[in-house]
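Q: Okay, here's what each chain looks like letter by letter:
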Amino acid sequence: MLLTITTSRFPADNLGYLLHKHPAKIQSADISAGKAHIFYPEVSAEKCTAALLLDIDPVGLVRSSGPKGNDFALEQYVNDRPYVASSFMSAAIAKAYSSAMNGRCKDKPELVDVAMPFTVKLSVLSVRGGEAVLRALFEPLGYTINAQQHQLDPLYPDWGQSRYFTVELSHTITLQRLLSHLYVLIPVCDNDKHYWINAEEVEKLLAKGSGWLEAHPAKEMIVRRYLKDQRSLAGQALSVLLSKDEAEVEEAAVEAPEEVTEPKVRIHDLRLQAAKDELLLAGAKRVADLGCGECRLLKLLLAERQFEFILGMDVSIRVLQIANNRLKIERMPDKQRERIQLIQGSLTYRDKRLEGFDGAALVEVIEHLDPPRLAALERAVFEYAKPGTVVVTTPNAEYNVLFENHPEGKMRHNDHRFEWTRKEFEAWATDLAVKYNYNVLFKAVGEEDAEVGALSQMAVFSLQKDNLKND
Amino acid sequence: MRAAQRFACRPQLWGHVIPHHVSQLKRGLRKLREEGFRHIFELRTPEEVDAITEIHRDPLYNNKKQETGPLDIIGDIHGCYDELVELLTEMGYTYDGETWAHPQGRKAVFAGDLVDRGPNTPEVLKLVMGMVAAGNAYCVPGNHDIKLKRWLDGKNVQPTHGLQESIDQLNLKTPEFREQVRKFLEGLISHYVFDEGKLVVAHAGLKENMQGRGSGAVREFCLYGETTGEIDEFGLPVRHNWAEEYKGKAMVVYGHTPVPRAQWLNNTIDIDTGCVFGGSLTALRYPERGIVSVKAARVYCEPARPLGYVKDAAENLSLQQQNDDVLDIADVTGKQIVETALANNVTIREENAVAALEVMSRFAINPKWLIYLPPTMSPSKTSVMEDYLEFPAEAFEYYKTAGVNRVVCQEKHMGSRAVVIVGRNEEAIGKAFGIKGEGIGTIYTRTGRAFFNDKATEQALLARVNDALIAWGFYERFNTDWVCLDTELMPWSAKAQALLQTQYAAVGAAATHALADVTAALAQLAQRDANGEALLAEYRERENEAKQFVSAYQQYCWPVNGLDGIKLAPFHIMASESKLWTSENHEWHMEEIKKICAADPQILMATPYRIVDLDNAEDVQQATAWWMNLTGKGGEGMVVKPYNFIERDGKGTIQPAIKIRGREYLRIIYGPEYTAPENLIRLKSRGLNAKRGMAMREFALGIEGLQRFTNKEPLRRVHQCVFGILAMESEAVDPRL
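Heads up: the sequence lines are chains L and Y, in that order.
Numbering of the first sequence is given in this note's numbering, commencing with residue 1 and proceeding in unit increments.
Numbering of the second sequence is given in this note's numbering, commencing with residue 1 and proceeding in unit increments.
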């Protein structure tokens, strides 16, 4: 909300020339969401402070969004935007101090390239990632940092700290460089932007970052956050800054789901491979991937000629859209397109569309259901859909002790409702098999430990033959 | 011929169209005969067609829609004459020396299988034939009756499955009697549709798409039901249970398969309770739905499959409850239209159902619990007063315009909406909800999620509520073992902790710290330059508003430790055993709840309320002052409801409740600075129509779901309503309303 720049370099009121703002005046500039005021709280030859104060219209921020406005996610009235230094502050810097940012000083051009002692104060700066991120961003550039983090609510100390800091940055540096650092790094701290990012933004970043961003040790984070959530743009910008290989690694890291403790060795690939192998072995021709997610197993299944028809089902329409885009179904040749279908469905409901399959896979699905809802899944799959073969995988809870930094009793994923030991899983599956006339076999998936077993466990159910006869 | 003339001018069509048409017609005719239609009229020449002067439509034989009863439908008798007489007598039928009749004009409907196996087939036939002839009864044929007819026709039939007994008994009678029986059996119609199509009787039941139809396939189904072709471990054909999938509107009453007791399943009921196998003879009274049974005097015949044998029967759950374990996705996805008593048909759009499916599947609790979701509530129209966004006057005006002159104002608690279902014990829950091992009840949110992440806290709170209900004698007074309450659970911070911290406290922290520095800098400026005063004053006001914002949300937070600190304020008694309480007015609800709350004031909180006569200016003025006082102390505001739970105006049901939120409370909705005149004036333009429409439809669906549940309809029918509310909630409506 407030950015003050103070210098003590004699005569300090030269700051007015450098900023192209007269110290005796209170000025205003229009920015997209309101106004910015520029004024000098203190002016003397010994010390001069220039203040840039945001005056954001909180109602306008919400009401102007729509087809013509920026359809961003910050649409709530209860919103920190009016009070923090964010991309609005960057926009205000560019607007109010444009000459200084571009290295122009009409009256005293000799001052432009002079490094001066500056102290910058930001009230308040929102920092995702806390003080460590703040230090990682500014310290390599030579700043001394004095940051005070604020409590969420002093009345409720147990709510902990907020992400807001009052920050003082001191450095001896040219004003132009100082402003370009602030322009880029304020929104990077905040990790949010008030406008859509487009290709121009890449050029802006490269221009403003020229001369310092290339060598910044946190440049990957700066680029990723500055071009927030625009993966291809991020890749584009990174490929300018980095060698191509590194860029690919970076993209993969962005894609990886958060809060998963499982090791990076692609255990999930092993599970998918195992599920596919079991379905092949069973001789299944019509197969269903129940809880198909973003289609990784479907891709594997499509490559096998044995599978004549493949159904992918998931409860999340968003995930199905991703799957659809990845598989590029509409671009498939007719013959191939006829082999595959994606549907939205839920395993807690009985579904006629799931009848008549030879094989079905539930890879890492059951643990996402609350235990009391499992009974519905059991009946929906084993009593009604009744595929010839059912492959079920789920984490082996015993293995969790081998994870580093994994607190006891914690699940591997935020959405896991339970994780079973081998004994628990086997008891469940055996009961199920008896009840619905299936035979069941258990297999380990992934790295196996003598004591606690494998990372993941798998049950392969096959319908008893005399139950198949239909005459 | 006529077509040929028409086509004469277009010879290129003449070539194939008509011969094709003719051959298809001929093939179709052959098919008709194969399907078993008894009356087929063929008109072979134009003269025959021209000779027709009038088409006279006979209703199908099975159409008895004008017969509205009352009726008594009687299950498989199998020659058990004594039990039949006992049953008729028990139901009030009397014998006048010639035939049986009911003094109130009730009629009997025999569901078939009168004969075979039992001790006295001829007397049963005589009785039934007499009643039918006298117009006191209807009769549909069973498979045994038809097989006996074939024997009477002189066909070669195997005298198995009890036919031998019938043959032996009938051979003792006169040939004339046997001929009478043959004619009677020949004349029986496969099934009947009664009472405007609301009741169907067929021996083995009947699927919806076959009801009121006549064909060989329909007759076959009525006699034998649907079999899968498989043979079970007793050598009997495996029957496909069509009733499990039945979704028709008509009640279907049938027999054929002996069951230990008659039970409802999807509005169908099997009333063959195996009298001849030593079970009982059962009748269903229509429309009362009462069941009358008489025990068999003895076992007349040993059943091949033990009576009451059900594979893996779930203990103590009714057929319907077992069937309800799994709902069918087809009942909720796609565009759905739900008939409701309050708002006619409510349409649920496909895209909303898609969103609801995900929420329901991933986060909601067992759908057997979800008998009700509370509707959203609309605020009052925007106030005309300068300083207020909402004010009581507009809510009063709404109800006055709708012709309601008596309303109830209730204090609006700032907590989280919670639906509480609690039973006397787990058994009561099992009986009413078909849920085992999930405790004595549940507490869930507006979107069907468990209110508490921790089951132990939930059950501990429910135990307290249960104790209070027991202490007051609620269960006895309400003649129930369970109750569903609509409540507000406090503090807000108990449920909305994450929201409070990430949104409200965060904004508060950012605003207060930033504005403190801003006003300090501006004060420094103003000391030096008087032109800075205006800006300073403006930001001082903002600083002040930020502080008010923080104290506004702090009102609704207090620490909770286990149950300590939790307050539950019920405001509606929604339903209890077989009873929906929306017929009672809000004063009744408030007073009944007050009595429950008195039993445990530490946790239960009665809601302060007042009744307002809208024609009485003083009443209105006092209620307004009450609201000012409540909100002045930081309260959320009040809810105005019509005195009666459900109120209608000329156009239909009106809003069941309108909220008027306090000026300070609205800061946490519209932001710290909303009261600044330049902000308030813009915020005042807000459209309420979408919200009101949604509130109305959700209310109608909510009540409909509960009504269906208390009527003991299949869960599918209840779930449709609840799912519909959830789907509606995914609609884009201004979340601040």
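Everything labelled a hint here was simulated from the structure, so no lab data went into it.
Do not rely on the hints blindly, as some may be mistaken.
To be verified - If you anchor each label on the Cβ, the simulated ranges turn out as follows:
{"no.": "1", "chain 1": "Y", "residue 1": "198", "chain 2": "L", "residue 2": "356", "range": "32 to 42 Å"}
{"no.": "2", "chain 1": "L", "residue 1": "343", "chain 2": "Y", "residue 2": "159", "range": "48 to 58 Å"}
{"no.": "3", "chain 1": "Y", "residue 1": "564", "chain 2": "L", "residue 2": "132", "range": "29 to 39 Å"}
{"no.": "4", "chain 1": "Y", "residue 1": "685", "chain 2": "L", "residue 2": "356", "range": "31 to 41 Å"}
{"no.": "5", "chain 1": "Y", "residue 1": "449", "chain 2": "L", "residue 2": "448", "range": "30 to 40 Å"}
{"no.": "6", "chain 1": "Y", "residue 1": "564", "chain 2": "L", "residue 2": "142", "range": "48 to 58 Å"}
{"no.": "7", "chain 1": "Y", "residue 1": "334", "chain 2": "L", "residue 2": "325", "range": "22 to 32 Å"}
{"no.": "8", "chain 1": "L", "residue 1": "356", "chain 2": "Y", "residue 2": "287", "range": "49 to 59 Å"}
{"no.": "9", "chain 1": "Y", "residue 1": "33", "chain 2": "L", "residue 2": "332", "range": "44 to 54 Å"}
{"no.": "10", "chain 1": "L", "residue 1": "215", "chain 2": "Y", "residue 2": "548", "range": "27 to 37 Å"}
{"no.": "11", "chain 1": "L", "residue 1": "45", "chain 2": "Y", "residue 2": "530", "range": "20 to 30 Å"}
{"no.": "12", "chain 1": "Y", "residue 1": "35", "chain 2": "L", "residue 2": "325", "range": "48 to 58 Å"}
We put the CB at the ideal spot given by N, CA and C, even for glycine.
Q: Would you mind marking each hint as holding or not holding in the structure?
A: Here is what the structure says about each hint:
Between residue 198 of chain Y and residue 356 of chain L, the C-beta spacing of about 36 Å keeps the proposed range 32 to 42 Å intact. A beta carbon spacing of about 54 Å between residue 343 of chain L and residue 159 of chain Y agrees with the range 48 to 58 Å that was offered as a hint. At about 37 Å, the beta-carbon gap between residue 564 of chain Y and residue 132 of chain L stays in the expected band of 29 to 39 Å. A hinted range of 31 to 41 Å is violated for the C-beta pair residue 685 of chain Y and residue 356 of chain L, which are about 56 Å apart.
Separated by about 38 Å at the C-beta atoms, residue 449 of chain Y and residue 448 of chain L satisfy the suggested range of 30 to 40 Å. Against the hinted window of 48 to 58 Å, the Cβ-Cβ separation of residue 564 of chain Y and residue 142 of chain L comes to about 53 Å, which satisfies the hint. A hinted range of 22 to 32 Å holds for the C-beta pair residue 334 of chain Y and residue 325 of chain L, which are about 24 Å apart. Between residue 356 of chain L and residue 287 of chain Y the CB atoms are about 41 Å apart, so this pair departs from the stated range of 49 to 59 Å.
In this structure the hint that residue 33 of chain Y and residue 332 of chain L lie 44 to 54 Å apart at CB holds, the actual value being about 47 Å. A C-beta distance of roughly 48 Å is found between residue 215 of chain L and residue 548 of chain Y, which places it outside the suggested range of 27 to 37 Å. For residue 45 of chain L paired with residue 530 of chain Y, a C-beta distance near 23 Å keeps the hint of 20 to 30 Å intact. Judged by the Cβ atoms, the range 48 to 58 Å given for residue 35 of chain Y and residue 325 of chain L holds: they are separated by roughly 49 Å.
When each numbered hint is compared with the structure, violations occur for hints 4, 8 and 10.
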